[in-house]
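**Q** As a plain string of letters, each chain reads:
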Amino acid sequence: MRDLIISELTQALHDIARRFAHFLPRLIVMLILAMLGWVIAYVVKAVLRSILRLIKFDKLSEKAGASQLLAKAALPSATELLSRFVFWVAWLGFILLGISVLGILGMQDEIARFFLFLPRLFVALFILFVGLLAASFFSRAALLAAVNANMPSPKVLSLAVRSIIIVFVLSVVFEELGLAEQTMLVAFGIAFGALMLGLAIAFGIGGRDLARGFLEKQVVRSKKQENEDELSPL
Amino acid sequence: MAEESFLTDDFLRQLIDVGEVDILVGLPTHNNAKTVGSVVHAIQSGILSGFPRDRAVIINADGGSRDGTPDLVTGVSIDDMRPASKLYALRTLHSITTKYGSSPASGVAFRTILAAAELLRARACVVLSPESTNIEPAWLSKLLRPVYRDGFDLVTPMYRRHKFEGLLITNLLYPMTRALYGKRIYEAYAPEFGFSGRLGTQFLGQDVWTNGTDGAGVELRFTLAAITGKFGICQSFLGEKIHVERSSADLVPALRQTVGTLFASLERDFPVWSAVTGCEPVPTDGDDQEVLLEPLRVNRKRLREMFASGVAELESVFQSILSPPTLAELQRISRLGEDECRYSAELWVRTIYEFAASYQKSVISRDHIIQALAPLFRGRAFTFLTEHRNASAGQVERSIEDLCLEFERLKPYLLEIWKPRE
Amino acid sequence: MPLNPDVLWYKDAIIYQVHVRTFYDSNGDGIGDFQGLAAKLDYLQELGINTIWLMPFFPSPLRDDGYDIADYQSVHPSYGTLEDFRKFLESAHDRGIRIIIELVANHTSDQHPWFQESRSSQDNPRRDWYVWSDTDTRYKDTRIIFLDTEKSNWAWDPVSKSFYWHRFFSHQPDLNYDNPAVREQMWQVMKFWLDMGVDGFRLDAVPYLVEREGTNCENLPETHAVLKELRRQLDDHSPGRMLLAEANQWPADLRPYFGDGDEFHMAFHFPLMPRMFMGLKLEDRKPITEILQQTPEIPPICQWSLFLRNHDELTLEMVTDVERDYMYDSYAVSKMMRLNLGIRRRLAPLLDNDRRRIELMNGMLMSLPGTPIIYYGDEIGMGDNINLGDRNGVRTPMQWNGETNAGFSNAASEHLYAPLIQDPVYGYPAVNVLRQKASEHSLFNWMQRILAVRRSTVAFGRGAIEFLYPANHRILAYVRRLGNETILVVNNLSSSAQAVELNLRGYKGNIPIEMFGRNMFPRVGDGPYLLTMGPYQFYWFRLRRL
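Residue numbers (our numbering), protein chains in the order written: chain A, 1 to 234; chain B, 235 to 656; chain C, 657 to 1202.
By construction, these hints were calculated from the structure, which means they are not laboratory data.
Treat the hints with caution; some may be incorrect.
25 Å max Cα-Cα, derived BS3-like pairs, lysine-lysine [unchecked claim]:
hint, chain 1, residue 1, chain 2, residue 2
1, C, Lys847, C, Lys743
2, B, Lys653, A, Lys59
3, B, Lys653, A, Lys56
Isolated chain A, as found in the complex:
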């Protein structure tokens, strides 16, 4: 009996050792990959940081209004954040690659899908960033134009412009990420359509007098300003 246990144990140990021996090189490979990945990711992070510094990425993000958000959330600057993010993604990628070498079934597909997902993630981030920039720029342009044309409630107009652009950008981002794409699109469509319909109703049926008054004020006001303000600045 004892012999059997010992021989089974020995057998099992042998098995484990053998499997371990099988597994070990792969493990070592995985560790090497992980270490290599760390190094590469670090280099990429450093290079990216220099590039971002060169193109004054911080300034851009300031313009986009992203810096303010980050500061509020007590996060580091955009350059730093992005560099670190890229570092982690790169390293994670290498680790996953190592894991795939291990040959653990089921993980392969997930890993593959992860790698396929990455580009879309980057694109979505890029769109988000550009969209924020654009929203900031156009909302400010609208604000200035409204103020200089002496239109009523310029802040509201500016906010409206910003909102519309952000909503639009978000919907594109979500679509790109493949998350609730339909929902977002439909939501955007509904919101935009509702706004238009509301305006139409206001001007057409219900708020006819209000609309007329609004228009009159606009027209009369501009006439008035032409007659009275005769100064030419030049």
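On the provided structure of chain A, position chains B and C as indicated by the hints.
**A** This is chains B and C only, laid out in the frame that chain A set:
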């Protein structure tokens, strides 16, 4: 080289026929048929009476007029087929036209005129406005003679203005140019001026033409180039400034052309203006321009309202541009009533200088910075109008002089907040 | 060589203006004479001219270079005898050269026997031959011509104690053409010379013949009537002889002197001449084309006479003040060069002795419509001496060679009627006929060549003119046409090279043949015809359709 493809073949052929000239009159037009007739006749008289023996040409740079303006201009040419009407003409006078585009662009028009001046080796040139219906033949002598006889390179005009006209010039452009560039030039951005072929060729060779926009405001750049290039500048009194119909919607484009150009030039000219101290007067010819004092109906109230609402609504924008103390002060006075609200000279100078510094750093889009200045300018205009409602000509002049001195006094502040590009 | 038998010979004439006193002295008294002039006819024939216009040679006290006449039917003894003149005339005709003489009809010298008689008393039969008055206030609106010397058109005669009228110098009293006796006498004078064989008369100062109160006393209808009568008598007596008018007037005022072909045959185109100089200085053809546009049509048998310079000052009477100032500043900077609203310089000094400009001006002279006149000495580029007073600076002895007295005379130098030009540039050692004949590229030889080309066609003298107006205003271009013959003339008035595109659409298919070298130029096509011209260059093209 000036001979680039923006000159059409047909125009070049006409230039060959004109040959070398002594005097070149440039006239940029766009749909000016109502006013250009009297202008070109005055030009013809001016040439025949002031420069009868000299070879002259009128170059019309037209931006796609559809009302027959170019024909009116070429109609005053004098040759063996078309004699002068009243005055005797010793020589042929060419008047040629070229279409530089299908929409008006003052920068391209000016460049065309400069190119023609170089190709024809003109000694003295003058640019005139097709809208100055009160132009007299003597204006040509006044703008050309300092170049032609006395060797100056740039002759800027001086006008008889109403005390409240041209506030952008009197409250911003003139004092700032004077303080920074050190020359007392009243009208650095004028529709009519004279210049030498030497200056024209030098300016043509600079790379001001490549910034993509239609070059509006390039005439101001021209004046500044004359200053930084140490060319001889003088002023000549012409007459009354003709009042062109404008609405308040023109303020932003006017700001772009003047302030925008000035701010953009500050960056380029930093080595020059940072070293200038004090300012020197410029030789002036002609009567001292008097300031007209007749009462003018102006809606001051609206100015103040637009100022107040501008300050309030654009707070987020101003936060990027102005320093906190300046912004706080602006907010304070914008909330005051009509009687107490006063945009002092010092505050105005600080505002402008901070705007200039922010423009240089491009804290936000540069065009937005210029647009943001509009309500503040209105506030300043309100204060100026209020303070000088009953002022005499002398008082107005002194006031502007004080403003100039304020600009000069705070120049170190500008240098402090300025950040030269690495 | 026989004379051109054509009754319109003057349209083909090339006239050489000379004063017998200046040309050649045969008897050693220092003054040129007719025998001398006759001896030099070969030279003139060689040059290529076919008509000589003689300045006044009648007896005269010479206070106005012979224009103050003391005897209308004789020859001044300094120049020879009537017989000398007759022989000279025959010699000229033998060489095919015609002779035009001066008839100073408007006034005489105060030394003339007629005036001596007229002034002697109020009852003298010749009293009425001149214009007398007790006051000097009549004809107030009349301008003074010799502004530099005369203050009034009336002069006081101490002998008859009254005023007499003189449009020129005070020693040249005006004849009274209201008197039929005067008119008859003038005709008799003319007849005398016609019978001797003279081919034509230059009538001096014709606008001033008749005076009327309340007018400017110029170009009056009565004057024209007198002239028409003279012409009628001339045609009856000797057809084929020519009358040339000296009338310094605007073209419109000149026109009446041609009448309907029943007054003068020819007249000087005075207004054109200063404008040619002006156009050259301005480098702009406008003054030239303008005056020719304003020149009226003349009767078919009539002819304009063109000239660059003559014995008088380059007159600037018929230009505007602006133009006159410009001409003074350009051509006569020194006040000494100015005289009586004119400039008293010769052709070569006026053009700075610039050979190209001299050629260009002669080219225009020979190709514009009219009969050209060459002033003696200008064919070799003689200079002037403005220190000689009045207009004598342009009337110095002809320079034949570089030897004593320029080969003009054997007399001692101090006996010459006028001093020679001696400066290093224009002086006779440098500028003379002998040297120029020996040099192939001299001005003389060039003049010979251009006169030969001019004579090769009658289109220049008789043809119509059509101006081309190229956009380059420095180019003066025109087409001369007679019958089948078409000549294109292009002149560059500028001191710098020019390119010009001519609109020759009407002449498409023609081959331009340059008339001096007789080389072909590219055929005229559809588009503008491009010519490139050197400074002051000109082209004469015969347009041939083959």
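**Q** Which constraints among the numbered hints does this structure fail? Numbers only, ascending.
**A** No numbers; nothing is violated.
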